[in-house]
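*Asks:* Residue strings, one per chain:
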Amino acid sequence: MSTLPMDHNVDCLSDDPRQRAPLVLGHEQFDTVTSEILRCNEAKRPPLAWTICFVFSVALMTMLMALVGYLIVTGVGVWGNNNPVMWGFPIVNFVFWVGIGHAGTLISAILFLFRQKWRTSINRFAEAMTIFAVICAGLFPGIHIGRVWLAYWLFPIPNQMDMWPQFRSPLLWDVFAVGTYFTVSLLFWYVGLIPDLATMRDRATTKVKAIAYGFFSLGWRGSMRHWHRYERAYLLLAALATPLVLSVHSVVSFDFAVSQLPGWHTTIFPPYFVAGAIFSGFAMVLTLAIPARQMWGLENFITMRHLENMCKIVLLTGSMVGYAYGMEFFIAWYSGEIYESFAFINRAFGQYAWAYWIMVSCNVICPQLFWFKKIRRSPWTMFIITLFVNLGMWFERFVITVTSLANDFLPSSWGWFQPTWVDMLTFLGSFGLFMTLFLLFIRFLPILAISEIKGVMPQANPHAHDHHHDAEDHA
Amino acid sequence: MSSSLRDARIWGLAAQFTSPAEICAAAAKARESGYRWFDCHTPFPVHGLDKAMGLPYTILPVIVFFAGMTGTCLAIFLQVFTNALEFNIWAVVPVVGYQFEVSGKPLISAPAFVPVAFELTVLFAALTTVSFMLLLNQLPCLYHPVLKSPKMKRITDDRFMLVIEAKDPNFVRADTESFLESLGPERIVELEP
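So the sequences go chain by chain: F and S. The working numbering puts the first residue of the first sequence at 199, with every later residue one more than the last. The working numbering puts the first residue of the second sequence at 4, with every later residue one more than the last.
The shape of chain F in the complex, shown without the other chains (with noise of 0.2 Å):
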């Protein structure tokens, strides 16, 4: 499975405070960062895990578009989507690819504001991620609405109807935010992505490969002056997308807590959404990661400390989402809201208990081994604790948005939600699309930021190495 050996030697952790851990290991020069990344796309052939996964990927794929043609064809009913649970799995598989959508955009865009330079290795594949789970994100609202060929209402589109989208429903914010942030991470990994695939194209060995990376280079050629106003995009940017960043997941949120269910009409939604979206991305990164450093050799620059950092991250924020479900237990308590309580009792003891449980579980109390040294430094660990942490976010969304529906004010219109094979089937299709998309990403694209990585190896500071030169020339 692996081209190169895992070396346990390597370790760029220091225990000495006062040294920090070098973000790149085992290079001098910058040409052999640029080879050892682009090892294996400029390689003939792929590894073969890579084939392996891939064809089962596109498999899966296919199985989405044909359930997909089927739901077209056939009509909501192969669901299991009822009266009055009307939000079955489109809506939570929603709600789960867009929170995965959001470590991309946090890493490239909130580490790059707080200057911290070990997002490189890891903020291209990242954001490649995000905008791979948000096209997942996007399918299921899109094949949700039912009538699929009148998807084009969402849009504000003068009509012979003389109708408008009403503007006054969190479900069009959703259509803004979720569109706005599909383009706006687009935006941002495509400029990341330009000094790279120059460097591709520069590298390039057929006539095919120098015309397509040269077409998407746009003739990129390292200018200071062309350099100087794309770190100011790049900033501006990541000064963009750091509140929209935030505000996705809160306006998904407010498709819950702007309703008058008991257990979604909660102020906490917003920043508990958010932080959940964090966390469940940054599994998602580590699921990615760990596997995609070891096939593609990347241990150089994928290092134990980046591995710990989103460890951290995870523990931090899985952290603050088991305060979040605490807070709201003890709110529906306080309130002494008797919808608001039965809401909750119901939730941890009710028909859906196993969810919920399930959920409890791998959010609240897996993470928490991440206080371990020892598991923050076995990556293997790591990509267990991850996958269950993907589990329990997703079997958070089904708790929310099931147990609220099933079970609202009335007795006699409760009902109970029982997914049906498409549902499914439909759900482990959107994984063959995203790792579809991702496995072409990291063939034919640079995985890691080539130029961004250059540019925090300490070789890369133009007064690092003769401070003598530096002064005369000032002087």
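Think of the hints as simulated: they come from the structure by calculation, not from any bench. Treat the hints loosely; a few may be bogus.
[Stated by the list, open to error] Only part of the chain S face toward chain F is listed, based on derived beta-carbon distances under 8 Å:
| # | residue |
| --- | --- |
| 1 | H44 |
| 2 | F47 |
| 3 | H50 |
| 4 | M56 |
| 5 | L58 |
| 6 | P64 |
| 7 | V65 |
| 8 | I79 |
| 9 | Q82 |
| 10 | V133 |
| 11 | M136 |
| 12 | C144 |
[Claimed, not checked] Think about it this way: if two alpha-carbon atoms lie no more than 25 Å apart in a straight line, the pair counts; the simulated BS3-like pairs of lysine-lysine are:
| # | chain 1 | residue 1 | chain 2 | residue 2 |
| --- | --- | --- | --- | --- |
| 13 | S | K156 | F | K242 |
| 14 | S | K54 | S | K170 |
| 15 | F | K407 | S | K154 |
| 16 | F | K405 | F | K242 |
| 17 | F | K405 | S | K156 |
Given the structure is predicted, the values throughout are model-derived calculations rather than measurements. Note that CB positions come from ideal geometry on N, CA and C, so glycine has one too.
Fit chain S to the given chain F structure using the hints.
*Replies:* For chain S alone, coordinates are given in the frame of chain F:
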């Protein structure tokens, strides 16, 4: 300096350096020597090189600010127009939005219009950031002498190039070459137009 000394077949001269410190020093010297039509090509943005070259600060943030404000105004107009407006143009042509009563909320519900106004602000600003960054950089660029020479391939990998264009008023083939030589480059490359 006379223009007859200029070589018409030459677009410029490039000096290749191996480290960020060298290119910074070289750029500062080129500027001191009076060159204006010069550029540095680097695999990553070298910290402080824009100052050494004396580059003016970009106008991009100002443009982006106004684009963002345009987005805000447009979003507020869109929402008020579609959900609340009702008037007649010259008392003849009726323009009516889709007025829809929801739980007694006013038609112009300012708090409810905030999310879309915010999203469109960000969208307009982000699209403008990228498009104007490319526009000001004159990208996409289909052809450039710097990209033509195979000797320049390493500017996107690990080498730092100082390029002085022939159209610079101070450019004299022999003088410029000896000036570049004095900076101690790894090699000097002639660029054809």
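*Asks:* For each hint, tell me whether it holds in the structure or not.
*Replies:* Hint check results:
Hint status for H44 of chain S relative to chain F: holds, with the closest Cβ pair at about 5 Å, below 8 Å. Hint status for F47 of chain S relative to chain F: holds, with the closest Cβ pair at about 4 Å, below 8 Å. The closest approach between the C-beta of H50 of chain S and any C-beta of chain F is roughly 6 Å, which is under the 8 Å cut-off, so the hint is satisfied. With 8 Å as the threshold, the beta carbon of M56 of chain S comes within range of chain F, its nearest partner Cβ sitting at about 6 Å, so the hint holds.
Against a cut-off of 8 Å between C-beta atoms, the interface hint on L58 of chain S holds, since the closest Cβ of chain F lies about 5 Å away. Because the smallest distance between the Cβ of P64 of chain S and any Cβ of chain F comes to about 6 Å, under 8 Å, the interface hint for this residue holds. Contact between V65 of chain S and chain F, as hinted, is not supported at the beta carbon level, the nearest pair being about 11 Å apart and thus beyond 8 Å. Evaluation of the I79 of chain S hint against chain F yields a violated restraint, the C-beta minimum of about 10 Å exceeding 8 Å.
A least Cβ separation of about 4 Å between Q82 of chain S and chain F falls short of the 8 Å threshold, and the interface hint therefore holds. Look at V133 of chain S: its Cβ gets to within about 5 Å of chain F, closer than 8 Å, so that hint holds up. With 8 Å as the threshold, the beta carbon of M136 of chain S comes within range of chain F, its nearest partner Cβ sitting at about 4 Å, so the hint holds. The beta carbon of C144 of chain S is positioned within 8 Å of a beta carbon in chain F (closest approach about 3 Å), and the interface hint is therefore held.
A C-alpha spacing of about 22 Å is found between K156 of chain S and K242 of chain F, which places the hinted pair at or below 25 Å, so the restraint holds. A distance of roughly 23 Å separates the Cα atoms of K54 of chain S and K170 of chain S; the hinted pair therefore holds under the 25 Å criterion. Of the pairs offered as hints, the one joining K407 of chain F and K154 of chain S holds, with about 19 Å between alpha carbons and a cut-off of 25 Å not exceeded. Between K405 of chain F and K242 of chain F the alpha-carbon distance is near 15 Å, which keeps this suggested pair within the 25 Å criterion.
A distance of roughly 15 Å separates the Cα atoms of K405 of chain F and K156 of chain S; the hinted pair therefore holds under the 25 Å criterion.
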